[in-house]
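Engineer: The sequence shown finishes on residue 236 if you use the working numbering, and the numbering steps up by one all the way, no holes.
The hints are simulated quantities; they were obtained by calculation from the structure and are not laboratory data.
Possibly wrong hints are sitting among the right ones.
[As the list claims (entries may be wrong)] Taking lysine to aspartate or glutamate and the DMTMM-like style, the derived pairs with C-alpha atoms no more than 20 Å apart in a straight line are: (1) K209 - E10; (2) K27 - E206; (3) K211 - D140; (4) K109 - D35; (5) K19 - E31; (6) K78 - D107; (7) K109 - D38; (8) K78 - D35.
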Amino acid sequence: MVAVLAFKFEPIKRKSLLKSLKGLATKLCQEQNIDINDIGLIIHTGTYRQNFRQEPAFAAHLQQALKIGCDNVSQTSKHVFSFDVLDGSNGPHHALETIADLLPSMDCKYALFSAGDVRPNKETEWNHKPISFVAILSQDGPFEILDSSFDNKQQNEFTSIAVFKKKLHAEEFSFEPQITNHSIDGDLFLASSEWLAGEQASRFFEWAKSKNGIITHRIKNRNGRVSDLRWRVSGE
1 MVAVLAFKFE
11 PIKRKSLLKS
21 LKGLATKLCQ
31 EQNIDINDIG
41 LIIHTGTYRQ
51 NFRQEPAFAA
61 HLQQALKIGC
71 DNVSQTSKHV
81 FSFDVLDGSN
91 GPHHALETIA
101 DLLPSMDCKY
111 ALFSAGDVRP
121 NKETEWNHKP
131 ISFVAILSQD
141 GPFEILDSSF
151 DNKQQNEFTS
161 IAVFKKKLHA
171 EEFSFEPQIT
181 NHSIDGDLFL
191 ASSEWLAGEQ
201 ASRFFEWAKS
211 KNGIITHRIK
221 NRNGRVSDLR
231 WRVSGE
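Whenever a hint applies, use it, and build me the whole structure from the sequences.
Structural biologist: Right, here's the structure in full:
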């Protein structure tokens with residue numbers, strides 16, 4: 001069993017994404033009486049969009065900012081595994097699924113999941129406010145990950161291509177993106193295809209914390225790919 005023990009989020013506003021996530025992770029550990037050095041796995045996810053800036057190995061930057069496992073390498077030094085998992089809007093599901101697969105076999109108590117996007121540059125018009133989100137996962141908690149499924153039958157592999165125009169990264173669409181609006185149908189939470197990663201995670205968990213039993217989080221990416229993550233929730 002792997003479950004989300006606790007989560008925290010905030011609008012990024014004028015902060016950098018790294019500073020925001022560092023502050024959230026530190027506060028969350030303090031609130032839950034968790035020794036931050038007991039975290040042995042850090043996975044970060046984001047959502048690629050036109051003209052977004054990308055920071056490679058963001059999880060490693062977060063690990064360094066939190067000063068977890070940054071001692072000199074030796075046979076007795078603490079090891080922390082940190083990396084990014086990006087897959088369009090479906091990134092949060094892949095990242096959480098990866099934690100569920102890895103954490104039970106690792107010699108650590110907790111994993112840190114972070115979600116957020118570097119603010120778009122001036123070339124991008126975007127009507128959603130970037131949000132930073134962190135969650136602590138362990139082998140016990142109120143939000144248990146049950147299983148995941150991915151449906152690629154409706155996926156269009158050639159929705160868009162990346163091009164460079166006058167040193168600017170742009171995007172040309174071969175087909176119009178498939179836009180999905182947010183809706184809730186009983187215990188099914190269907191996310192908007194337009195949400196960024198932090199908003200994706202924060203909206204779902206804010207809804208989920210008042211639920212009990214088995215619920216499903218569904219994400220349909222702009223290219224038609226669908227992912228489901230099923231949870232067992234012990235609500236408030």
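Engineer: So, for every hint listed, does it hold in this structure?
Structural biologist: So, going through the hints one by one against the coordinates:
For the given pair, K209 sits about 17 Å from E10 by alpha-carbon distance, which is consistent with the 20 Å threshold. The straight-line distance between the Cα atoms of K27 and E206 is roughly 18 Å, inside the 20 Å bound, and the hint therefore holds. Restraint check for K211 and D140: satisfied, since their Cα atoms lie roughly 17 Å apart, inside the 20 Å limit. Taking the CA atoms of K109 and D35, the gap is near 10 Å; set against the 20 Å cutoff, the hint holds.
The straight-line distance between the Cα atoms of K19 and E31 is roughly 18 Å, inside the 20 Å bound, and the hint therefore holds. Taking the CA atoms of K78 and D107, the gap is about 10 Å. The hint holds against a cut of 20 Å. Straight-line distance between C-alpha atoms of K109 and D38 comes to about 6 Å, which keeps the hinted pair within the 20 Å bound. At roughly 14 Å between alpha-carbon atoms, K78 and D35 fall within 20 Å of each other, so this suggested pair holds.
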